[in-house]
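K.L.:
Keeping the supplied structure of chain A fixed, place chain B upon it in accordance with the hints.
Here are the chains, one letter per residue:
There are 2 protein chains.
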Amino acid sequence: MSTNNLLGRRNFIKGIGAASIAIAAPAMAISEKTDGVEWDKEVEILIVGSGFAGLAAAIEATRQGAKDVHIFEKMSYYGGNSAINGGLFAAPQTPMQKKEGIKDSVDTMVQDQVNAGRGIADVALLDHIAKHAMEALQMTLDVGAEYHPYLQQLGGHSVARTYQTTVSCGAGITQPLLEECRKIGVHTHNRTKFEGFILGQNDEVIGVKMHDNYYFGEDQPGKTSNIRVKRGVIMATGGFAQNIDLRMSQDPTLTAEVGCTNAPGATGEGMYQMFRLGAVPVHLAHIQSGPWASPDEGGFGYVSNYSIYNFPHSIAINRLTGQRFMNEIADRKTRADAELNCRDAKGDALPPILITSYKDSKKHPNTKKVIKYNVGWKFDSIEDLAKHFEVPLTPLKQQIGEYNEYVKTQNDPQFGKNMTEAKGKFIEAPFTVVRLWPKVHYCQGGVQINTKAEVKDSLTGKSIKGLYAAGEVTGGIHGVSRLGSCSIPECMVMGMTAARSIMKA
Amino acid sequence: MSTNNLLGRRNFIKGIGAASIAIAAPAMAISEKTDGVEWDKEVEILIVGSGFAGLAAAIEATRQGAKDVHIFEKMSYYGGNSAINGGLFAAPQTPMQKKEGIKDSVDTMVQDQVNAGRGIADVALLDHIAKHAMEALQMTLDVGAEYHPYLQQLGGHSVARTYQTTVSCGAGITQPLLEECRKIGVHTHNRTKFEGFILGQNDEVIGVKMHDNYYFGEDQPGKTSNIRVKRGVIMATGGFAQNIDLRMSQDPTLTAEVGCTNAPGATGEGMYQMFRLGAVPVHLAHIQSGPWASPDEGGFGYVSNYSIYNFPHSIAINRLTGQRFMNEIADRKTRADAELNCRDAKGDALPPILITSYKDSKKHPNTKKVIKYNVGWKFDSIEDLAKHFEVPLTPLKQQIGEYNEYVKTQNDPQFGKNMTEAKGKFIEAPFTVVRLWPKVHYCQGGVQINTKAEVKDSLTGKSIKGLYAAGEVTGGIHGVSRLGSCSIPECMVMGMTAARSIMKA
Numbered sequence: 002m003s004t005n006n007l008l009g010r011r012n013f014i015k016g017i018g019a020a021s022i023a024i025a026a027p028a029m030a031i032s033e034k035t036d037g038v039e040w041d042k043e044v045e046i047l048i049v050g051s052g053f054a055g056l057a058a059a060i061e062a063t064r065q066g067a068k069d070v071h072i073f074e075k076m077s078y079y080g081g082n083s084a085i086n087g088g089l090f091a092a093p094q095t096p097m098q099k100k101e102g103i104k105d106s107v108d109t110m111v112q113d114q115v116n117a118g119r120g121i122a123d124v125a126l127l128d129h130i131a132k133h134a135m136e137a138l139q140m141t142l143d144v145g146a147e148y149h150p151y152l153q154q155l156g157g158h159s160v161a162r163t164y165q166t167t168v169s170c171g172a173g174i175t176q177p178l179l180e181e182c183r184k185i186g187v188h189t190h191n192r193t194k195f196e197g198f199i200l201g202q203n204d205e206v207i208g209v210k211m212h213d214n215y216y217f218g219e220d221q222p223g224k225t226s227n228i229r230v231k232r233g234v235i236m237a238t239g240g241f242a243q244n245i246d247l248r249m250s251q252d253p254t255l256t257a258e259v260g261c262t263n264a265p266g267a268t269g270e271g272m273y274q275m276f277r278l279g280a281v282p283v284h285l286a287h288i289q290s291g292p293w294a295s296p297d298e299g300g301f302g303y304v305s306n307y308s309i310y311n312f313p314h315s316i317a318i319n320r321l322t323g324q325r326f327m328n329e330i331a332d333r334k335t336r337a338d339a340e341l342n343c344r345d346a347k348g349d350a351l352p353p354i355l356i357t358s359y360k361d362s363k364k365h366p367n368t369k370k371v372i373k374y375n376v377g378w379k380f381d382s383i384e385d386l387a388k389h390f391e392v393p394l395t396p397l398k399q400q401i402g403e404y405n406e407y408v409k410t411q412n413d414p415q416f417g418k419n420m421t422e423a424k425g426k427f428i429e430a431p432f433t434v435v436r437l438w439p440k441v442h443y444c445q446g447g448v449q450i451n452t453k454a455e456v457k458d459s460l461t462g463k464s465i466k467g468l469y470a471a472g473e474v475t476g477g478i479h480g481v482s483r484l485g486s487c488s489i490p491e492c493m494v495m496g497m498t499a500a501r502s503i504m505k506a
Numbered sequence: 002m003s004t005n006n007l008l009g010r011r012n013f014i015k016g017i018g019a020a021s022i023a024i025a026a027p028a029m030a031i032s033e034k035t036d037g038v039e040w041d042k043e044v045e046i047l048i049v050g051s052g053f054a055g056l057a058a059a060i061e062a063t064r065q066g067a068k069d070v071h072i073f074e075k076m077s078y079y080g081g082n083s084a085i086n087g088g089l090f091a092a093p094q095t096p097m098q099k100k101e102g103i104k105d106s107v108d109t110m111v112q113d114q115v116n117a118g119r120g121i122a123d124v125a126l127l128d129h130i131a132k133h134a135m136e137a138l139q140m141t142l143d144v145g146a147e148y149h150p151y152l153q154q155l156g157g158h159s160v161a162r163t164y165q166t167t168v169s170c171g172a173g174i175t176q177p178l179l180e181e182c183r184k185i186g187v188h189t190h191n192r193t194k195f196e197g198f199i200l201g202q203n204d205e206v207i208g209v210k211m212h213d214n215y216y217f218g219e220d221q222p223g224k225t226s227n228i229r230v231k232r233g234v235i236m237a238t239g240g241f242a243q244n245i246d247l248r249m250s251q252d253p254t255l256t257a258e259v260g261c262t263n264a265p266g267a268t269g270e271g272m273y274q275m276f277r278l279g280a281v282p283v284h285l286a287h288i289q290s291g292p293w294a295s296p297d298e299g300g301f302g303y304v305s306n307y308s309i310y311n312f313p314h315s316i317a318i319n320r321l322t323g324q325r326f327m328n329e330i331a332d333r334k335t336r337a338d339a340e341l342n343c344r345d346a347k348g349d350a351l352p353p354i355l356i357t358s359y360k361d362s363k364k365h366p367n368t369k370k371v372i373k374y375n376v377g378w379k380f381d382s383i384e385d386l387a388k389h390f391e392v393p394l395t396p397l398k399q400q401i402g403e404y405n406e407y408v409k410t411q412n413d414p415q416f417g418k419n420m421t422e423a424k425g426k427f428i429e430a431p432f433t434v435v436r437l438w439p440k441v442h443y444c445q446g447g448v449q450i451n452t453k454a455e456v457k458d459s460l461t462g463k464s465i466k467g468l469y470a471a472g473e474v475t476g477g478i479h480g481v482s483r484l485g486s487c488s489i490p491e492c493m494v495m496g497m498t499a500a501r502s503i504m505k506a
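These protein sequences, in sequence, are chains A and B. Basically this note's numbering = 1-based index in the first sequence + 1. Basically this note's numbering = 1-based index in the second sequence + 1.
Next up, chain A with everything else stripped away, as it sits in the complex (with noise of 0.2 angstroms):
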């Protein structure tokens, strides 16, 4: 067994028992009926959650005509786990697109995901999403985000069409979309936690409760309003990474102890408030670790996006053969799987290396920052590299030999990666390495929604009135394995469409 917490993740089993010792969390109210309800607002439009699905619903309703929308953030800071992600969009047939010459479609991006999912992604909201996400770029770009002049080629993708915002991060775009909120007249609250719905007589969702002055992670008693809402609520409260009980009960090797890269207030409880009025369960036990993260520092970190950006033209090794052991730029899923199998010996964890080289990772801004905070290292020789890593050196240097014979050939029978976006560029001295572990990242599973985003009700088979969801609280789109940068479009078009939806209604 490991020593090292970080690092153990299927080292850990755990039951129930252990999953089941009471959290934290304070107990919320069940929904009501109105039945003696009193008022204390009413509102337009109300929308849960400030991440890229909140904020894009909000300016999307407004442009629609509505006047009196209200966004309500339970932390104190906005823009939830979407302004620390790594401000990736992925979308088809973009302006850089064709000025880098990339041939690409809404049904090759679809194609690309259905593959990640295995079969079970919901092919009709992946068209919804591929077809609207340069409508929610624009939104993006209209509103002042920022991004790098090039395009990346992710992982499973099987062409470069992900924007990147400047900043590297989700921040890029949810700081833009929250002060463009502000200019409009959409109205903001944070600190205000969801406690549930208010339930007309026929079951429609006409008002929500709310807990005013919330100190997130405080049990306290605190004020509930009760809000009225006059055209509906979307529910825009993100997934459940770092609800350490929900994550064990699907898989009881995700326990505290693995590292996660979301924000803390990533706990789920909208979507427990939405399976308790009769939303579907889809997908839950699929949640998504990130293959690109390193065990050498905490969260996203800088590592991620380093090697997101460098993942096309490095090599993965395994520290113990000195040999590639995976398609670096394949699926999510694929890759951590892949990590989470390279173990020393004793059968405990032994981070695989990604090795890059210098010049080729210095384009990237968080290559000084990895190499300053000693989460990533610079060596002059393979000598150094292999010593450092306790690699052995005779198989390391002819596994760089061969690779680099794939990167001429633009062919790789190792592994089948896709080397266009390796051409020219060879593993050679200095090189820049970091260390990979993959890190809790991303919930597949969520509430069933359909392309208009709203909610179905289990038992009617028919959607509930009054409610929308939209973004990562969301389940089933992506199936087993979401790809990376398509969550912004998912949930920005998702939160245009509810808006839209709710408009219409």
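Be aware that a few hints might be false.
Identical copies look the same in the list; a pair holds intra-copy or inter-copy alike.
In silico DMTMM-like cross-links for lysine to aspartate or glutamate, where the CA-CA straight-line distance does not exceed 25 angstroms [as the list claims (entries may be wrong)]:
1) 463 with 258
2) 100 with 381
3) 379 with 147
4) 453 with 252
5) 466 with 385
6) 363 with 213
7) 363 with 429
8) 373 with 345
9) 369 with 384
10) 463 with 220
11) 409 with 252
12) 132 with 108
13) 463 with 252
14) 364 with 297
15) 360 with 43
16) 347 with 108
17) 42 with 345
18) 347 with 422
19) 379 with 108
20) 231 with 69
If you are wondering where the hints come from, they were derived from the structure by calculation, not from laboratory data.
P.N.:
Positioned in the frame of chain A, the structure of chain B alone reads:
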């Protein structure tokens, strides 16, 4: 695309759009608080569902001193899906294992299941069940269940540990259990459908709503009774394999055209009502297909038990290649996935065949039936067999020759099959042959429970007072894939456990 719908599993890909068309089931009332509830009746313990779990719970509760135990069943007949399953019961360290000299243990049985569960099974629950499996088997013997005088080694089990009823069907257990229930004074009610919980002031379950004179599948008004429950409610409502809408939300390929072994009542409303109460959904996405089913008959049919019995001493052949394509006694998921990959040159489904020596197959009572009903065939020569199924003769003959070597050496280098049970059983003419194609069989997912059969509230993390669940309606126990013959012990042990917990509460 296949022209045979029965075989179309992987050929059908549909999105949520199709799945969200209104389902046939009528809307059901959401659970209510007691305010103003008029009670029609009061009982001590109320059990919903009359399969293995419900019946075992009723008997155990009565043995523990309960005087007024009621079982409610929505169908006209008792036994649910349990009554039509294969009647296979796995337990470690049984009298028959001792007699046959088979070394086994609780830990070995748990480890076999953990392996099939692919790392996400609930070890604490598996351990609890394996420890009490012998006790549950004894309950069935006490009430008069009869078993074949030999053990079987099912796929994924490392030893032979499976009893099977002499009628080769679950009714060989549910019928004696039902008779025992009536003998000891348990009240049984059919055509009575559970419609929701009634909660006390602290959200504890204090009663249920029951639809009387219910006719399955008909949209009917009917009278609803409010039943006060003194000790608690045990939900033993089974899986949801017959709920097309729900299974497609988890896997869009599992359309109505895909075969299913389950009784029609397995539609999951009981589980849905528990989610509305706040139960945690676990592993709904893991729906198991039975690799022993035949495309030549409906449901579980005659072939399933025939092939379960014969797999250890048979070879499964891909008709396109004439060669084996799997370990015939791997776990269910491994085999179902391998069968689904058997395709003709155009990619259409080409159900593989299971070839058994007639002399070895004829011991099983179903062999005569599969031949009589034309869902299995007898051939005097390999040439006739190859011609009938259009299998290339030369590779088939060579494959049989090689396999017979493995029988002799007790070692299968091709797929690592455990050859113990194949000893001396060479593949020789005359042959019995059936076709194989997976059918939807079992839902690994459901509500989360602990080893007391208590149901956890998603928001408080505590058990929901007055509520217990047992059997297929619960989830997470088996992980990705349940081993054959492990459902009956699970249902019975957890039913008994629920009864013990309720009597201690």
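K.L.:
Would you mind marking each hint as holding or not holding in the structure?
P.N.:
To see whether the hints hold, each was checked on the structure:
| no. | hint | result |
| --- | --- | --- |
| 1 | 463 with 258 | between (41 angstroms within a copy, 23 angstroms between copies) |
| 2 | 100 with 381 | neither (36 angstroms within a copy, 69 angstroms between copies) |
| 3 | 379 with 147 | neither (30 angstroms within a copy, 72 angstroms between copies) |
| 4 | 453 with 252 | between (31 angstroms within a copy, 20 angstroms between copies) |
| 5 | 466 with 385 | neither (64 angstroms within a copy, 62 angstroms between copies) |
| 6 | 363 with 213 | neither (47 angstroms within a copy, 73 angstroms between copies) |
| 7 | 363 with 429 | within (13 angstroms within a copy, 67 angstroms between copies) |
| 8 | 373 with 345 | neither (28 angstroms within a copy, 57 angstroms between copies) |
| 9 | 369 with 384 | within (22 angstroms within a copy, 71 angstroms between copies) |
| 10 | 463 with 220 | between (36 angstroms within a copy, 16 angstroms between copies) |
| 11 | 409 with 252 | neither (42 angstroms within a copy, 42 angstroms between copies) |
| 12 | 132 with 108 | within (9 angstroms within a copy, 52 angstroms between copies) |
| 13 | 463 with 252 | between (31 angstroms within a copy, 19 angstroms between copies) |
| 14 | 364 with 297 | within (22 angstroms within a copy, 61 angstroms between copies) |
| 15 | 360 with 43 | neither (58 angstroms within a copy, 79 angstroms between copies) |
| 16 | 347 with 108 | between (46 angstroms within a copy, 22 angstroms between copies) |
| 17 | 42 with 345 | neither (61 angstroms within a copy, 64 angstroms between copies) |
| 18 | 347 with 422 | neither (37 angstroms within a copy, 34 angstroms between copies) |
| 19 | 379 with 108 | neither (41 angstroms within a copy, 48 angstroms between copies) |
| 20 | 231 with 69 | within (10 angstroms within a copy, 49 angstroms between copies) |
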